[in-house]
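*Asks:* So you can see what is in the structure, the chains are spelled out below.
Number of protein chains: 2
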Amino acid sequence: MTNRPNSITLIPIAGIPEIGVGDDLVKIVSDAATAGGLTIENSDVLVFAQKIVSKSEGRIVDLNDVEPSNFARTLSTEVSKDPRLVEVILSETTKIIKMDQRKPEKGRLIVETRGGVISANAGVDASNVTGGDKVTLLPVDSDESARALARGFKERLGTEIAIIITDTVGRPWRDGLVDIAIGCAGIKALKDYRGEKDSKGFELNATVMAIADEIASAAGLLMEKADSVPVVIVRGYEFEKGGTGATELIRDPEEDLFR
Amino acid sequence: MTNRPNSITLIPIAGIPEIGVGDDLVKIVSDAATAGGLTIENSDVLVFAQKIVSKSEGRIVDLNDVEPSNFARTLSTEVSKDPRLVEVILSETTKIIKMDQRKPEKGRLIVETRGGVISANAGVDASNVTGGDKVTLLPVDSDESARALARGFKERLGTEIAIIITDTVGRPWRDGLVDIAIGCAGIKALKDYRGEKDSKGFELNATVMAIADEIASAAGLLMEKADSVPVVIVRGYEFEKGGTGATELIRDPEEDLFR
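Protein chains in written order, with the working numbering: chain A, 1089 to 1347; chain B, 1089 to 1347.
For reference, chain A alone in the conformation it holds in the complex:
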């Protein structure tokens, strides 16, 4: 029983109001936690759904202000999307990974975003934004957003916590979406078990776990799509501090067999 891990608790922070541009997420989340009888403690991981971070940072585009390019118009007919939406997606895209034009009504556009994450529609999301023609974009630099939040909580509450910002993505080969980490601060996104021995004394195979993605998925269980719970406390997980952010999770394209 050496090294027996403790239980982990996933605690939803409810009562977070609709977020607007410039809102102080640190204050709002701290107040919501207090109102719900919760404390934010040292060594907690606070997991944020991307949407509220994007809204607070003003990453919202009104499609009525968008003039689609000819390329966006052509592409939009092939994947059966609003050409203005395609224009916004392309503005967030560094590379088109895959397009599905076989069934335009279900057309998919899988792209690499400026942050390196590969996902459908570059994370541009039309759901749950006030005003039917508004969409949210991913934060410009989700790791920097996470670091700013970690600093904010340190200043406000004096607590050293880790921050993970998540997005909901599809995957090759598997149905259904999962949450992954697009921004991290104060936690190593990868955990390297190489060189450690297993319980029988054998050296483990090369194994590096994507801890931040696993935490994102765990928290995702509580982030109802109705968005009433955009922040979850993960308590009791023993993680390694430091790291350089969720960019550690982006596979080197040279090493990637599927792009």
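These are calculated hints, taken from the structure and not from any lab test. Where is the CB? At the ideal position from N, CA and C, for every residue including glycine. Please note that the accuracy of each hint is not assured.
[Said to hold, decoys possible] Chain B regions said to be covered by chain A (calculated; three or more residues, Cβ under 8 Å):
hint: 1; segment: 1096-1105
hint: 2; segment: 1259-1269
hint: 3; segment: 1300-1309
[Stated by the list, open to error] Okay, derived cross-link-like pairs now, SDA-like style, lysine to any residue, Cα gap no bigger than 20 Å in a straight line:
hint: 4; chain 1: A; residue 1: Lys1194; chain 2: B; residue 2: Asp1213
hint: 5; chain 1: B; residue 1: Lys1186; chain 2: A; residue 2: Ile1185
hint: 6; chain 1: B; residue 1: Lys1329; chain 2: B; residue 2: Asn1130
hint: 7; chain 1: B; residue 1: Lys1169; chain 2: A; residue 2: Leu1345
hint: 8; chain 1: A; residue 1: Lys1194; chain 2: B; residue 2: Asp1280
hint: 9; chain 1: A; residue 1: Lys1183; chain 2: B; residue 2: Asn1130
hint: 10; chain 1: B; residue 1: Lys1186; chain 2: A; residue 2: Ile1107
hint: 11; chain 1: B; residue 1: Lys1222; chain 2: A; residue 2: Thr1295
hint: 12; chain 1: A; residue 1: Lys1194; chain 2: B; residue 2: Tyr1281
hint: 13; chain 1: A; residue 1: Lys1169; chain 2: B; residue 2: Arg1282
hint: 14; chain 1: B; residue 1: Lys1194; chain 2: A; residue 2: Tyr1281
hint: 15; chain 1: A; residue 1: Lys1191; chain 2: B; residue 2: Thr1295
hint: 16; chain 1: A; residue 1: Lys1329; chain 2: B; residue 2: Asp1263
hint: 17; chain 1: A; residue 1: Lys1191; chain 2: B; residue 2: Lys1169
hint: 18; chain 1: B; residue 1: Lys1194; chain 2: A; residue 2: Glu1343
hint: 19; chain 1: A; residue 1: Lys1186; chain 2: B; residue 2: Leu1345
hint: 20; chain 1: B; residue 1: Lys1186; chain 2: A; residue 2: Glu1343
With the hints as your guide, set chain B onto chain A.
*Replies:* Using the frame of chain A, we list chain B on its own:
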């Protein structure tokens, strides 16, 4: 705060001994829980690492008993693996999805297994099996293994629980491994939010979440690679009962852009 979810607790069951062929996992896990002061309760999800299920089912091959085919020999030099291991991998494979021969010393063999899961080496694993030349295979039918476990706990403890069997896999585009669900019983692997309204009253975009994979990843945080914690209780997650198993998570190849 209508519909505010409860906290979820991830509880490791420690003290599970090395599992051998024919061992009664239901008894062993129940006893280990009791010894650790834990109870297994109605509506718990019990998450099993694939390895102990495979061992109890005798899904172990001694490479010394394997005679590699010519094809396995050829392939083994291209990906720099033991030809006997390649023979075993091929015996579990319905389709080779991708081979990486660019750097033989890091050669990868991504295949579709008989169960439909796509992963490296068909889930054949050489780590943590007693005897250096033994490897484990995935259960023949992980959904059936999960159903048998659920029945066993119902009979032994009278509790209605869900079972998820997990494997650790790599992914395109992202570094690090995560745990996914390869077998399920008593829980719908997918949760369909389509038609529901978001918190502002807008209808949600088509969103189907891979709940079973998210639970697998959550439990994975506690399944140290040293394998001392191969079973985790997930308590407090409100899930839909029923479903037909983890095969629901396998995307229809016709709908898949990456195969």
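*Asks:* Determine for every hint whether it applies to the structure shown.
*Replies:* To see whether the hints hold, each was checked on the structure:
| no. | hint | in the structure |
| --- | --- | --- |
| 1 | 1096-1105 | holds (count 7) |
| 2 | 1259-1269 | holds (count 10) |
| 3 | 1300-1309 | holds (count 7) |
| 4 | Lys1194/A to Asp1213/B | violated, 38 Å |
| 5 | Lys1186/B to Ile1185/A | holds, 17 Å |
| 6 | Lys1329/B to Asn1130/B | holds, 12 Å |
| 7 | Lys1169/B to Leu1345/A | holds, 18 Å |
| 8 | Lys1194/A to Asp1280/B | holds, 17 Å |
| 9 | Lys1183/A to Asn1130/B | violated, 48 Å |
| 10 | Lys1186/B to Ile1107/A | violated, 44 Å |
| 11 | Lys1222/B to Thr1295/A | holds, 19 Å |
| 12 | Lys1194/A to Tyr1281/B | holds, 18 Å |
| 13 | Lys1169/A to Arg1282/B | holds, 19 Å |
| 14 | Lys1194/B to Tyr1281/A | holds, 18 Å |
| 15 | Lys1191/A to Thr1295/B | holds, 19 Å |
| 16 | Lys1329/A to Asp1263/B | holds, 19 Å |
| 17 | Lys1191/A to Lys1169/B | violated, 41 Å |
| 18 | Lys1194/B to Glu1343/A | holds, 10 Å |
| 19 | Lys1186/A to Leu1345/B | holds, 7 Å |
| 20 | Lys1186/B to Glu1343/A | holds, 13 Å |
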